[in-house]
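Fit chain C to the known structure of chain Z by using the hints.
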Amino acid sequence: MMARPALDVRDLVVGNGTLTAVRGVSFTVPAGGRMGLVGESGSGKSMTALALMGLLPMGWNAAGSVLHDGVDLVQQSDRAMSARRGRTLSMVFQDPLSALDPVRRVGHQITSVIRRHTDADRREAERRALELINQMKLPRGEQILRAYPHELSGGQRQRIMIAMALACYPQLIIADEPTTALDVTVQKQVLRLLNGAVKERGCALLMITHDLPVIAAMCDTVAVMYAGRIVEMGPVAEVFRSPRHHYTRGLLDSQPTMDNIALDGSSRLASIPGMVPPLHDLPAGCAFHPRCNAATDTCRMRMPELVGDNAACWNPVAALAELSAP
Amino acid sequence: MNASASLSVLSAPLLEMRQVTQTYALRRQSLFGARPSLKVLDHVDLDVRPGEAVGLVGESGSGKTTLTRILTGSERPQSGNVLFDGFDVWSADREKRRHFRRSVQIVLQNPRSSLDPRMRVGTSLLEPLRSLQIDCDHAARVIEVLDQVGLGRNAIERYPHEFSGGQLQRIAIARALMPGPKVLIADEPVSALDVSIQAQVLNLLKDLVRNLGLSLVFIAHDLSVVAYATSRVFVMSSGKIVEVGRPLDLFTKPQAEATRNLVGAVLSVEGGLAGTALD
Numbered sequence: 001m002m003a004r005p006a007l008d009v010r011d012l013v014v015g016n017g018t019l020t021a022v023r024g025v026s027f028t029v030p031a032g033g034r035m036g037l038v039g040e041s042g043s044g045k046s047m048t049a050l051a052l053m054g055l056l057p058m059g060w061n062a063a064g065s066v067l068h069d070g071v072d073l074v075q076q077s078d079r080a081m082s083a084r085r086g087r088t089l090s091m092v093f094q095d096p097l098s099a100l101d102p103v104r105r106v107g108h109q110i111t112s113v114i115r116r117h118t119d120a121d122r123r124e125a126e127r128r129a130l131e132l133i134n135q136m137k138l139p140r141g142e143q144i145l146r147a148y149p150h151e152l153s154g155g156q157r158q159r160i161m162i163a164m165a166l167a168c169y170p171q172l173i174i175a176d177e178p179t180t181a182l183d184v185t186v187q188k189q190v191l192r193l194l195n196g197a198v199k200e201r202g203c204a205l206l207m208i209t210h211d212l213p214v215i216a217a218m219c220d221t222v223a224v225m226y227a228g229r230i231v232e233m234g235p236v237a238e239v240f241r242s243p244r245h246h247y248t249r250g251l252l253d254s255q256p257t258m259d260n261i262a263l264d265g266s267s268r269l270a271s272i273p274g275m276v277p278p279l280h281d282l283p284a285g286c287a288f289h290p291r292c293n294a295a296t297d298t299c300r301m302r303m304p305e306l307v308g309d310n311a312a313c314w315n316p317v318a319a320l321a322e323l324s325a326p
Numbered sequence: 001m002n003a004s005a006s007l008s009v010l011s012a013p014l015l016e017m018r019q020v021t022q023t024y025a026l027r028r029q030s031l032f033g034a035r036p037s038l039k040v041l042d043h044v045d046l047d048v049r050p051g052e053a054v055g056l057v058g059e060s061g062s063g064k065t066t067l068t069r070i071l072t073g074s075e076r077p078q079s080g081n082v083l084f085d086g087f088d089v090w091s092a093d094r095e096k097r098r099h100f101r102r103s104v105q106i107v108l109q110n111p112r113s114s115l116d117p118r119m120r121v122g123t124s125l126l127e128p129l130r131s132l133q134i135d136c137d138h139a140a141r142v143i144e145v146l147d148q149v150g151l152g153r154n155a156i157e158r159y160p161h162e163f164s165g166g167q168l169q170r171i172a173i174a175r176a177l178m179p180g181p182k183v184l185i186a187d188e189p190v191s192a193l194d195v196s197i198q199a200q201v202l203n204l205l206k207d208l209v210r211n212l213g214l215s216l217v218f219i220a221h222d223l224s225v226v227a228y229a230t231s232r233v234f235v236m237s238s239g240k241i242v243e244v245g246r247p248l249d250l251f252t253k254p255q256a257e258a259t260r261n262l263v264g265a266v267l268s269v270e271g272g273l274a275g276t277a278l279d
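From first to last, the protein sequence lines stand for chains Z and C.
Per the numbering used here, numbering through the first sequence is continuous, rising by one, with the last residue being 326.
Per the numbering used here, numbering through the second sequence is continuous, rising by one, with the last residue being 279.
Derived from the structure by calculation, the hints contain no laboratory data.
Predicted model only: the values in this text are computed from it and were never measured.
Hints may contain errors.
[Claimed, not checked] The following label-pair restraints were derived from C-beta to C-beta distances:
id, chain 1, residue 1, chain 2, residue 2, range
1, Z, R241, C, D147, 37 to 47 Å
2, C, T123, Z, D281, 21 to 31 Å
3, Z, P273, C, I134, 28 to 38 Å
Every residue, glycine too, gets a C-beta built ideally from N, C-alpha and C.
Just chain Z, same shape as in the assembly (with noise of 0.2 Å):
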């Protein structure tokens, strides 16, 4: 029998009454496995995260099912919502400092999560927040404890966040641009240290960004977000060496690499015309058409629908197996 996945996404829309940010999302991650989403800012993969969190902003409605744990969280009170965050699913933001509280030890904090969703006594979660510390390689683990998120570096505190992410054995983290606001030397340590915790505890990982490079690195599916609906998905491996959606495509070649550096100074980077369109004023059809150079009249009327795992547009990108055939 297969495992029950650690999250089953169908048809997610959430908007607040005017506007819709995601518009109709399906998608599974398998326990223990590792899916990324990917996106420019606008394309709703944030909205997505909080949705799944049950941390929607005021006035924010999500619809559809999101099964995890046997339980629909859609369905779930916040009351219900809130004893389950950092027990069976838990979340790396990407900033930090905001994430922590600023007058409470980064110990304290720690050892909060851990009580509060199991029965262990003060000094066990104390030894367990210690462990959890020594474990992200922060040296000097009980002086680390005693501090204040203030007097951490920006890689530190995200480790603390991580450490707490994974204090109660979660089935699922999502990530949210964990290491966008990071030194890149740095982001490189944190995803080798959340790759190395998931992949030690079985947890499965969703990872958000707009980074292709960090999606290529830490997983094994993606699903690529524009305008609040996926317009690809399929084995990270597939989708990022062939790529069928005209977007994708852009997006990976807009990425600085050496083969452009070994070029002369006129080189030019690909990059995709025009902007993100806003939420309040989405063109027809397909929504990335006005900035897609292999768009039709058949684009420009109706919306492609995503069936499996391939891309949702009516004019793929040939794949390299058809452009290399006669």
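Coordinates of chain C only, in the frame set by chain Z:
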């Protein structure tokens, strides 16, 4: 290498820092003795020639921001010299100082916070002409500069909130171009932008260097972005320049430890797919 690039190798530096050292006084630790100090820049040499694009990379805390402030003349170094067009910026007469202030302009990381939200874009663009007291046909200059950054004249009447991040960064670049500078200093100009927009702004900066003959100093923490837009890169670590070289050489045979760290930290899609990204 093309003709203009090889020419610039021969010409004298346009903007130059010589043996610049900067220290900041820290809080007094005891009642007696000198206040402790922090050496932020340690005998730094940096130069950019006419029409050349140079990069400056380093981790946060390596001194990039202080260097930028000194390069633009907003901070006076404790020792060492800043030279523009051959004269020392801090001992120059009034006229030469004016020339320097017009000729060196800066673009900051986040255009949303560097543009006044209550000012129409047209007014923002005129601001440098006003403060630097430059006489010219202001209206014509605004249209010319908007055209150089790929924006239409309908931007003039609009407010910053009506634009996306990428368009705002174009506006910030346009504002820096208004006084007709010789050197553009760009401090993390694309790190707040989306990936597909980053490419647009990087291409624009490259075009400006080529078409207007501008010199560019591109400051960032990500070596791959800097390498794309520049032909010579300075690597900084704890207040010192530890390596200078062509981007390709830095990538393929980094010498200093700081350079090796930065090169090793660059993630690529290919590396990720090969499963070696986090090794």
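Outcome of the hint check:
no.: 1; hint: Z:R241 with C:D147: 37 to 47 Å; result: holds (40 Å)
no.: 2; hint: C:T123 with Z:D281: 21 to 31 Å; result: holds (26 Å)
no.: 3; hint: Z:P273 with C:I134: 28 to 38 Å; result: holds (34 Å)
The structure is consistent with each of the numbered hints, conforming to all of them.
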